[in-house]
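Student: Positions in the sequence shown are counted from 1; adding 3 to them yields my numbering.
Bear in mind the hints are in silico, worked out from the structure with no lab data behind them.
Do not take every clue at face value.
[Said to hold, decoys possible] Have a look at the derived ranges for each label pair, beta carbon to beta carbon: (1) 166 - 82: 24 to 30 Å; (2) 489 - 402: 41 to 47 Å; (3) 339 - 487: 29 to 35 Å; (4) 655 - 943: 46 to 52 Å; (5) 921 - 978: 25 to 31 Å; (6) 205 - 525: 47 to 53 Å; (7) 1039 - 339: 57 to 63 Å; (8) 797 - 704: 16 to 22 Å.
Computed from a prediction, not measured in an experiment: that's the story for all the values here.
Just so it is clear, CB atoms sit at the ideal spot from N, CA and C, and this is done for glycine as well.
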Amino acid sequence: MFSLDAPLQPAIDGFVDPENGEQQHTTHLNNVVIQIHRNTSIQQLIQLLGVHLTHTQDKRRSRATLLLAEVLTRLPDLKLNGETTHLLLTFFVERLKDGPSLAPCLKALTALLTLHAAIVSRDDTWDVVDALFALSPPIATLGQSLRKQCFELLRVVLRLSSSTATPLQARVLMEGFLTAMTGEKDPRNLLLCLNLASELLGAFAVDADLIRSFFDTTSCYFPITFRPPPNDPYGITSEQLVAALRAVFVAQDAMAKHVLPMVLEKLTRTTVPEMVVDMLDTLGFCCTRYPLNRLLTQFTPVATALYRYILHGENHVVIQTASATLRTVARAVSPPSKLPGMQALAWTKFVVFVVEQAMGDVRANAMDSMVSLRAATVLTGVASESAAGFSYVLETSLAYLLAQCSDAVASEAALACVVGLLDCINVDVDHTTPPLRPYVASIQTTLVHCLDDAAASSSNHRAQRLCVQGLCKLLLRPPSPLLDDAAVHALLDLWIHVVLSHPSADVRAEAAAALRATATKSTLFAQLVLARCLPPLMAVVASPQPEVASGRSAAALLKDVLAVVTQLANNEPTICTALLLPLCRLALGDDTTTPRHEYAGDVMAAVAAIVRGSTARVACMDFCVLAAGDVDASPVRLLVTTLVTRVRHGAADDDIQPFINPTADILGLVMQYASPPAQIALVLQVLSLFLTMDVTPLRSDATLAHLQLMPLLASTLYSSGAALPAIASELPTLLPRLFQLAQRPAPSHPVAHAAVTGALKSIAALLNAMPDDTLLQHYLDHLTSTAAPAGDDSYSIAYIVQDTTQPMATRLTALQIYLFATKAVVLRAHATYVPVMMTFLWSLLAADDLKLHVAQGFQLLLDDFPDLLTPACHATISPVHRQRTFTMVFPLMTASPPGTINMEKRVATLLVIAHTPQTILLPYLPDIVPLVVDALNLKVAPYAALLSHPALVIFKMCLREDLRMVQAYFSTLFPGLLWQCQHSPSAKDRMAALECVGSLASTKYELIHPYKESVIKSLLGPLDDRKRVVRQLAAKIRNQWSIL
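My request is simple: use the sequences and hints to build the entire structure.
Tutor: Pasting the structure below:
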């Protein structure tokens, strides 16, 4: 290491000595630099270097010069005066003649001109230039690194003297640079040279001869075909070289007369798609940067070339690039322009020429021919770039295209062209006189007639779809409406007619999409759709009848209309709020005058879908509860009270069941996504009703009819976390009833089962969200206490679970309550009760009569429910609950004596591990791998099905982390994985096992060779798997092993 007080001469001698190693050289260099920086002048350094600078040994002389260069480079604040700088520059310029010292001299000169430019005279700078160009051998013959140093030094000179150089000096610099650049092939140097060339062209006035020289020197690299090697350390890309070369081409306007003919000429001789794409892109790049007066003679040849590639190109990338270039050039010649006269001439030579060519080909060929279709893309390309282009294309082509729309053969292709032109309407610029205005009426009339004619033929559905698309674009794309009110009304009526009666599902879908787009365009259009389109749709919903024209039954028609209504409501809030109550009333009917809807289930499913699709709009969710600010007039109130009334009057199941699940979904969604006031209003309304009414499912003597209503209460409570303070006073009454319902004997009827499950989940939701107060502690004690009750106290849940005198059904019911409660407490990471509850569950894994149920219950603990205990349900969820569960369960497993670890404990442990973040597991992987290997080989039901998925999840994680940790288990691992490939119950797990087998193929061959034959043979089984994706993957993995 270097020392601040080390003497200077030994450090100099040590650096100059070529026999020393790189580390010693670095140490000595650091000593010299720190000494010069502290108190030694550059003159003293030169004196001490004297004998080395004139040494007869090339390496010593070169290293002495390098030491000076390093000092000048590393000390940017080195104090030098003008005389010293002049002497140093003169020395290094003279020393350039010494071949071994060339590289350090170039480095030193670059440092002097860069860091001390203010005190370097102009004459000294040009002496450097003269010396560079007088090098022997010349720059072009030097090595790559030396050439690069020379070019970097020339760039420094250019940036110093660009404003002070005389014309003669500038010419010398440019000619010398071009001579040095000639023949450059290294991409690192070439990128530097091209950048320097564009800087030179931009810095100095250049005559025609020099322009030609620059073009001749650089054009030989066009087009760039460089492809960097893999893992290129220099980072030079083809894109960088292409950009640098194009910058040279456009650095001077006078380059245009050389560049464009060259590109066009190479285009005629090139067939490689990549090169053609580069040339076409270069054409577009140059045409947008040269002034129009430089391009007038080239516009027609450019248009001809682009048109040829669009019309007759065979590669789709080339065609797309030619089309993009055509649009670019069309935009460049479009008005307004700084040179209006030139612009008009350029417009004629390019836009008029190419449009006339395209229309000539369209007229000369069938409309549906490839030539006509590609010519049409030229028309739309020109029309899409400017208002002037759009106007000209409409003027020259629209009348012919509209006439072709009436031709039975050409109509589809012509309609596609018309729709393509309508796509060119600029949606962002509202023109004072829109280009399309004179043609609106004729376009609308033609499209409507074509739609009617095609519908009459009932054959060309694509043409009808194009008509609908065109009418929709005509209405919606212009920033300001071009259609009057009558025309808009006619279009809406037409689309409704298509939706209701057209025989083609594709055309109906297109019309429905047009309605949706219209409804979302503006508030005015939304009101129009609501006023004109919803009444006929709702009439069909109210009384669906078979539709003869479209051949649909009443049920099919209703299904389609409800889908349209749902889409409209999900895209526009005003339609959503206008539909909810009428749809609910239609579905429910009136018990006195109107029966429930024949397809009430479908209508209610649509209502639920509308609410589900509106979750992002708080106003729509609030409307479900607070319609117009009136809780009693809300859809939720209507649904809940009607269902309660029907249960009270003993209505048939058909009048209740179709409404229960959709209403429960609506209640849950409102509780999740509505505003806090709406959530509070809903939970208060529902809870007060269920705690006081005579048909509540919370009564101990509730019948099946009463239990039908439980999903309504449960779905409200699942997401009541945010509104819990509002019902805190009701919890002492509510929770006992929920526990009572949850402890009903194992129900066999689906309605009773759903009610008990709802009670279990409701308990979990409330225990998770309740504040940590005495009430929560009371119920957690009631859950976890294992002591016998005193006096008349009720039995605790944990006591019932472990009480062998209780009926098995009662114990299993209590176990379910305990599992749901444990899940709620684990998620909220309760410091006191989580260890107690997890330890109790672990102890139950040793109970012969319960252990399998408990092991299966761990899946419930760890899986996520879509409707319960999620962030959307306002649940309290600790971000580290999975980590804490692992840190509690895994030590219990490892601390158990080997003889006490039964299969159920393995199942529970592996389930926990599979749900634990990988970073937590890393220190424990050596202990986990044996468990996983054993689980993969387990074939005993039901444990094989329970362990298959978690074992594969963990094993894939082990493979990602370190393949070597499983190598010691290959003898038992391969049989287990191959068995899973064929017998795992889930197709995803069979695919996961196959992926693991494929990953093992990357192991060292000598390790897996003993198993190759058995793997190939065993993979014949998955080749006959019932799932195609499994068969495909098995074939791929088997091939992978076969070629090892």
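Student: It remains to establish, for every hint, whether it holds in the given structure.
Tutor: Going through the hints against the structure:
Taken as a hint, the range 24 to 30 Å holds for the pair residue 166 and residue 82, whose Cβ atoms sit roughly 27 Å apart. Taking 41 to 47 Å as the suggested C-beta distance range, the pair residue 489 and residue 402 does not conform, at roughly 24 Å. In this structure the hint that residue 339 and residue 487 lie 29 to 35 Å apart at CB holds, the actual value being about 31 Å. A hinted range of 46 to 52 Å for the beta carbons of residue 655 and residue 943 is consistent with their spacing of about 48 Å.
For residue 921 paired with residue 978, a C-beta distance near 26 Å keeps the hint of 25 to 31 Å intact. Between residue 205 and residue 525 the beta carbon distance is about 50 Å. The supplied range of 47 to 53 Å therefore holds. The hinted window of 57 to 63 Å between residue 1039 and residue 339 holds, with their beta carbons roughly 60 Å apart. Under the hint 16 to 22 Å, the C-beta atoms of residue 797 and residue 704, about 18 Å apart, fit the expected range.
Violated hint for the displayed structure: number 2, the only one.
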